[in-house]
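S.K.: Construct all of the structure, not just a fragment, from the sequences and the given hints.
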Amino acid sequence: MTVTMPAGVQTARDLTGPAIAGAVGRLSPAVQTVAAYHLGLADAHGMPVSGGGAGKALRPALALLSVRAAGAAPERGVVPAAAVELVHNFSLLHDDIMDGDTERRHQPTAWTVYGVGAAILAGDALLALAQDILLENPPYGVWAARCLSAAVQRLIAGQGADLAFERRDDVAVDECLDMAGDKTAALMACACSIGVIYVGGSASLAMSLSGFGAHAGLSFQLVDDLLGIWGAPAITGKPVGSDLRARKKSVPVVAALTSDTTAGRELAELLAKPEPLTEDEVGDATALVEAAGGKEQIETMADAELASALGCLAEADMPEDVRAEFAAIAEFITARQW
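Heads up: the sequence shown runs through residues 0 to 337, numbered per numbering that gives the first Met the number 0.
Possibly wrong hints are sitting among the right ones.
To be verified - Pairs of lysine-lysine, DSS-like flavour, derived with a Cα cap of 30 Å:
(1) 294 x 55
(2) 247 x 55
(3) 294 x 247
Think of the hints as simulated: they come from the structure by calculation, not from any bench.
M.R.: Written out as structure tokens, the structure reads:
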């Protein structure tokens, strides 16, 4: 299934791209090279890439919509939108290292090209830049920075829980949902509300949009977990079955393992093998997750979270065209593509 990207996403890339490139240009040359490569602004040799910018700019698009929801022009939201995208990419640089991923956005991950240390430093630099550009714009930039900082603290907590799950055999579905709420949904909630905060909008609007982003972000993560098993490489940018191959305790896998079914028990035995899974075994594991109900259960959860997100959106006081664009992005990021 092919899903059309909402028009506002390309607008967000056009508006925030120069701000992101300008911020990266402040970095020391060695760190700038790694960051620019990861962001799709340059190739591995530091040469600028035409039409650079590898990310989908979903979070910047949400931040710009947040500004419009508060009645301001989208151009006023460029700084918070860029800040959210810088933080998102900080997390991706570190996440690739922790997960040992060798490919992102259809190119080698930064740590495989420049080394682990260089990629860590580039991620740290992007996090610092995000705070810098917000704090340079008082008074509301200070409050926006605090909003972003709180989201980062939750993101780090979620990543820590994700790592801890790798060493445990007793992970529950509710724990996975809490982890996803921190690791993914917190930053999405921030993206949806930071624009309101940055332009001095109402607290009630910021809270409604934060709720929308939290539910949409969790639905997005649940769908992403499904794509980590069943997603096509052309869409995900990763090999098919990559999460199972890495024995990642994603929500569908945990749902299957805790299902108290024959398929769930067979899956546990397969994943407990010390040897790397063969391609046939990855296929077997995929079938077992589905047979144990993991796929169907998580699809139902994702649908429920999306419905809750749209419910929060319906209650918020904002222009109808902005509401429709928020809904379009939520439906885009939760679409199942396999």
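S.K.: Of the hints stated earlier, which fail here?
M.R.: Per hint list: zero violations.
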